[in-house]
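These are the residues of each chain, in order.
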Amino acid sequence: MEYWYTEEHSENARFSIRVDRQLYSAKSKFQRIDIFEAEEFGRFLTLDGLMMLTEKDEFIYHDMIVHVPMATNPGIKKVLVIGAGDGGTVRELTRYGTIEKIDMVEIDKMVVDACLEYMPQTSSKLSDPRVTIYYEDGLKFVRDKVGVYDLIIVDSTDPFGPGEGLFTKEFYGNCYKALTEEGILVNQHECPYYDSYAMSMKRAHKRIKEFFPITRVYQAHIPTYPSGHWLFGFASKKKDPIRDLDAESWNSLGIKTEYYNTDLHRGCFALPTYVKELLDEADKD
Amino acid sequence: MSRQDRTPIYDALQKYIDNRIVSFDVPGHKQGKGHKALVDAFGQKCISMDLNSSKPLDNLTHPTGVIREAEILAAEAFRAAQAFFITNGTTAAVQNMIFSCCRQNDKIIMPRNVHKSVINAMIICGAVPVYVNPGTEPELGISLGMSVSDVKRAVSEHPDAKAIFVNNPTYYGVCSDLKEIVRIAHDAGMLALVDEAHGTHLYFGEGLPVSAMDAGADMSAVSIHKTGGSLTQSSMLLLGPGIDAEAVRQTINLTQTTSGSYLLMASLDIARKNLFLNGREIFAKVCSLSEYARREVNKIPGFRAFGKEIINGDTVFDFDSTKLSIHTRAMGLAGIEVYDILRDEFGIQIEFGDIGNVLAIISVGDRELEIERLLGALSEIQRRFSKDPMNMLDHEYIDPQVAMTPQQAFYARKRSVQIKDSLGMISAELVMAYPPGIPILAPGERLTAEIIDYIRYAKEKGCVMTGTKDMEMNNIETVEE
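Those protein sequence lines, which keep their order, are chains A and B.
Under our numbering, the residue at position 260 of the first sequence is numbered 260, and the numbers go up by one with no gaps.
So our numbering is basically just the index in the second sequence, starting at one, shifted up by 1000.
The hints are simulated quantities; they were obtained by calculation from the structure and are not laboratory data.
A hint or two may mislead.
Said to hold, decoys possible - The list that follows gives simulated cross-link-like pairs (lysine to aspartate or glutamate, EDC-like), each with its CA atoms no further than 16 Å apart: (1) Lys238(A) <-> Glu210(A); (2) Lys1152(B) <-> Glu1206(B); (3) Lys1055(B) <-> Glu1069(B); (4) Lys202(A) <-> Asp144(A); (5) Lys1299(B) <-> Asp144(A); (6) Lys1152(B) <-> Glu1180(B); (7) Lys27(A) <-> Asp108(A); (8) Lys209(A) <-> Glu1345(B); (9) Lys202(A) <-> Asp108(A); (10) Lys29(A) <-> Glu1368(B); (11) Lys29(A) <-> Asp1366(B); (12) Lys209(A) <-> Asp283(A); (13) Lys238(A) <-> Glu181(A); (14) Lys206(A) <-> Glu1345(B); (15) Lys1226(B) <-> Asp1366(B); (16) Lys1285(B) <-> Asp1366(B); (17) Lys206(A) <-> Asp1244(B); (18) Lys239(A) <-> Asp280(A).
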């Protein structure tokens, strides 16, 4: 029997994983949710058929979306995570004893419930006492928050479907307002390689730049995401991710990671020429 | 009433295509075979259904087959005695109501905040307006409905008037006491005509203001495409029981196209079915979205989303809570400025902005996600764009000084003058911000200092002013006296 999961990375390019069995399938108010098990990648979660994470390579994404801002400002105490229903981002955050409060806002409770049952690798820390989960629209949640969070992590789906509102100017502006004076916003920034993703990436970059004095883009290699090359946006009111990196103090925390390290922290902001050109174009648009 | 499941026009189109009829008639694109670009642009199915009147497809000007059937189903769904499908826009539906009951010099009682199609109908047929001043909400600066006592006065002063014309609701969602006005009209031997361009949902939702047919009105123009889900430009004219339907059809045929679009007609058919079967649920959701948005907007300092609290038993007899109208003046921004910022900064297109308000239409097609985007953007506008509200012009209704009928003024000898020099002259043209398309000045009305100032201010704030021959609206055509 041949049983394959296939995602179309573009109209003309496909990515497939041989599936051993399907563990879960349901349709929520917002999207279709599936969890599969595969020989090559372990369990993996898809939303509307698009790859969200696999057990084998999720560490890359979650390391990079959490430890880059945390090493830039180890003093971060209050964190807002938007999306991230699988719990992986929260799991990394809970490793910092200095963080006092983690608010997670996920629009789709069914994603969290499914991950609690079938993806314990990422969801195991959602029960940490510092974590409060709000099941609502992220854009709605930030609308009435002023100067509350030191860090906002936007761990969203792509900007088509329920994640759409998290790539808009009204969202970034409201996040700016919700951040403290030294606040940092990190978001998943799509991929630069395929045109449709690159367009979302440029649009997001341009919009974020309008609000934050410091905006950088950094990258990671994530085998199961389209093109395997993924970007993150780093936007900040005061802290510069390279200048203000406090490598010594982060290393002294003794947080064991598999992908992130403080050398990579400096290196991941060095981008390929074509990506720099895309970002320059976004600035000019 | 399972027969409301049917969609006779759409079914006939499908059957026509399935029968692979060879076409030697118009339209010349021959179901797209001769025009690949058209098929690529709009899709094969759509172009295949762009067909011409014929025996199996009936004829809009003299329907005896599937169009007739579809009109009967529509009449039943809208609780009317007769329904006409209109493919020339609700403008045509409104105008045919007036053409059907007014000849030259016949009087018609109406509020001044009618759509421009009403004024244009009077230019064409020579009817004479008797304006009833719609009240103005002092804080919001919006025109309201007609007060029952004002209607009674107009009726007793003009007992020879042929009809009373009512907006149900206004663009902002304000309803007059329609049942009472219909009663007054009928007691005086007049017809009650209703512009329900923004009222399709009143026939299908619960807890909404009364619809024209339910209130016993004689005719109503219902813009199904606005809130009912049919294609743009498709509309219906509904008749109550006392009206000679065949005479109305003769009137409609004076101006309606003889090549009625089957895409528009089929969309009316499909929309009617959906409204009948699912309307209650759809508009319950629309109301709850709209009420939620109103509550959330009202938490943003400087914006006021008004609702049922403006009901006063007379000029606001009822309020259509599907409408999300927001007063912006305390934000230091004109409605039109908020409208422009929403589009240019946030990629959000709303229905209109005027001097003091914006209106967001919430309908069949809306979801929570989009509502949150609108609310997020409004809260950002408050943070980033709000100003001192000093020097904001606030009035909306200007009592017209009618010097001659719209028709006399339109066809008079004219002279073009600069608007700033036009004080005291009689306008030969319409002036309005579009949308909403409610004239600030109609042909036959005098230019007052207030109107000249209003036009200048509206232009300065970025309202799209239309109606004059001069596209820049620096000059206006006036009647030579």
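Structure-based check of all given hints:
no. : hint                      : in the structure
1   : Lys238(A) <-> Glu210(A)   : holds, 15 Å
2   : Lys1152(B) <-> Glu1206(B) : violated, 30 Å
3   : Lys1055(B) <-> Glu1069(B) : holds, 14 Å
4   : Lys202(A) <-> Asp144(A)   : violated, 27 Å
5   : Lys1299(B) <-> Asp144(A)  : holds, 9 Å
6   : Lys1152(B) <-> Glu1180(B) : holds, 10 Å
7   : Lys27(A) <-> Asp108(A)    : holds, 11 Å
8   : Lys209(A) <-> Glu1345(B)  : holds, 14 Å
9   : Lys202(A) <-> Asp108(A)   : violated, 27 Å
10  : Lys29(A) <-> Glu1368(B)   : holds, 11 Å
11  : Lys29(A) <-> Asp1366(B)   : holds, 15 Å
12  : Lys209(A) <-> Asp283(A)   : holds, 8 Å
13  : Lys238(A) <-> Glu181(A)   : holds, 7 Å
14  : Lys206(A) <-> Glu1345(B)  : holds, 12 Å
15  : Lys1226(B) <-> Asp1366(B) : holds, 13 Å
16  : Lys1285(B) <-> Asp1366(B) : holds, 9 Å
17  : Lys206(A) <-> Asp1244(B)  : violated, 62 Å
18  : Lys239(A) <-> Asp280(A)   : violated, 22 Å
The structure shown violates the earlier hints numbered 2, 4, 9, 17 and 18.
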